[in-house]
Amino acid sequence: MAILEVKDVSFEVNSTAILNGLTMEFWQGYVHAVVGPNGAGKSTLASVIMGLPDYRHHTGDILFEGRSIKDLNVDGRARLGITLGWQEPARYEGLKVSRFIQAAAGNKDRAEVDRVLELVGLEPDRYRSRALDKTLSGGERKRIELASILAMRPRLVMLDEPDSGVDIEAIERIFSAIAHLKKEGATVLLITHSPRVLEKSDHAFLICSGMLVDKGETSKVLKYFSGKCLPCPHKNAPDIEASVRQEGGDVR
Amino acid sequence: MSDELVREILESINLHRGFDRDTPHVVINANKVLASRVVEGLVIEPEELPDGVRARLRVKKGRKIAQPVHLCFGMLPSSGIQKILLDVEIEDEAEVGFQAHCTFPNAVDVRHLMQAEIRVGRNARYSYFERHWHSDEGLVTVVPKASIRLAEGARFSTEFELLKGRVGVIDIDYRTVCEARSSAEMKARIFGRLDDRIKVRESALLEGEASRAVLTTHIAVRDDALAEIHNELVATAPYCRGHVDCKEVIQDRGVARAVPVVEVRHPKAHVTHEAAIGSVDSKQLQTLMARGLSEDEAVELIIEGLLS
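From first to last, the protein sequence lines stand for chains P and D.
Going by numbering that gives the first Met the number 0, the first sequence runs without a break in its numbering and finishes at 251.
Going by numbering that gives the first Met the number 0, the second sequence runs without a break in its numbering and finishes at 307.
Any given hint could be a false lead.
[As the list claims (entries may be wrong)] Here are some of the chain P residues that sit facing chain D, going by a computed Cβ distance under 7 Å: (1) M49; (2) L51; (3) V73; (4) D74; (5) A77; (6) T82; (7) L83; (8) A89; (9) Y91; (10) E92; (11) G93; (12) L94; (13) A102; (14) S147; (15) M151.
Think of the hints as simulated: they come from the structure by calculation, not from any bench.
Predicted model, so just to flag it, every value in this text is computed and none were measured.
Note that beta-carbon positions come from the ideal geometry of N, C-alpha and C, so glycine has one too.
Bound conformation, chain P alone (with noise of 0.2 Å):
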């Protein structure tokens, strides 16, 4: 059952299309990955999915359980469940793990903060007490914000280049977090362009130049990827489309 629904999304800045026309289903209790070369679109989709302010002037629609959530803020859909875990995680000077991940917990209290602190790694006395600032590495600060959205038991997240910045114990934390997830019933969405990342996933999109190249089981659309992304042949062609199609792919 399709958890959200993209449809006919059409998204750009400044008369330049960065999505096109894409249409896709996400479905329940999967782990699903958006996976493209750079520039493809793929944080710009979670972005127009999260219902961040500098991209809510998109058309076509965004189904969550079958209802339109093209009129809700950010916050609103988080309180759906949705929520996005940035390739960058921001700092917040002064502000303590425990009050960044209570607050994602609605103020449930330490034993909660410990739980999540745990599942991504992270020795809850160690790090509970610490500022979520500079002082903390880039790995650190993605596994806090992995344990912030555990803390907030969400229904459908979004995770933008997951291993970016993170070392192989790290990685391999953030991917016990991934099934985690999808043991307690959430949908994932891997926004990648990593084959490691991919492989993690029980279904795939390739989306290229904001339109949808492929789709289906991961290690057909990896194969794909593989063998014909990596590097990208018609970056700058000036008919992505047709290039597309010359490589043997479907747009859709």
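Once you have looked at the hints, place chain D on chain P.
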């Protein structure tokens, strides 16, 4: 009678239960010294004036005062002037930390004026944390001025906090001179509301080789409050290092102004500054909203962190 006043002052700063009278302390109401206690190595000589108190504070050479020294400056009457004149001498190799609480719970028209001369001796350590507790009426004028001199190898830190109640009018002016290998860290955190007026001037002159200073000012203003921050760092000797960090968040019709001055007069000195003024960072805001917080809740949490 003085016990009752001490209790009232301590109650106004939520310290009446946890306050340990065995710790070194001085409690002042208006121009009266209500209570004091010293420990070996610490000398406190208060003198009552018609409109305040003059006090000489001294830590003897090489003495390390283990417990923080509590200073409670209260003004329980609803109006009047309270002058606090401090002469502080931390002698060579000595160490002490002060926790000062200034409270004006009934203020209708109160002026609290502090003038401090502080000398920190060679390799001495001196920290001063000052928390203000104001009423919600904002009818207080606070003018703390301090002139600080750090001898070779001395370490000095000061932190000013005014987060509870209305600011009213505040005009801080702290100036530090740093001799060789000394370090100064000065922080101010203030939340202004309604028509509060905030003026902070912090300066450090790094005149000794390898001396260091960090000036940090974090301010939030909302409604019609106004904040003006002057941070000045001047480095004149080799291997001096300094940094100015000024962050001001404004909401509603609040106005914030930052005037950072960094001046370097030696090619082997290095001073940096960063200033950020305006609304809260959009990414911080969006992240919290993507966790289900409303915009107002998210802003409040971000400001809570900034001023923590």
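Hint-by-hint comparison with the structure:
1. M49: holds (6 Å)
2. L51: This interface hint holds because 6 Å falls under the 7 Å limit.
3. V73: holds (4 Å)
4. D74: holds (4 Å)
5. A77: Cβ of A77(P) sits 4 Å from chain D, so the hint holds.
6. T82: Nearest chain D Cβ about 5 Å off; hint holds.
7. L83: With Cβ-Cβ at 5 Å, under 7 Å, it holds.
8. A89: holds (4 Å)
9. Y91: Holds, because the Cβ-Cβ distance from Y91(P) to chain D comes to roughly 5 Å (cut-off 7 Å).
10. E92: At 5 Å from the nearest chain D Cβ, E92(P) passes the 7 Å test, so the hint holds.
11. G93: holds (4 Å)
12. L94: holds (3 Å)
13. A102: With Cβ-Cβ at 6 Å, under 7 Å, it holds.
14. S147: The hint holds - S147(P) has a Cβ within 7 Å of chain D, the shortest such distance being about 6 Å.
15. M151: Holds. Min distance 5 Å.
Every hint, counting from the list given before, is met by this structure.
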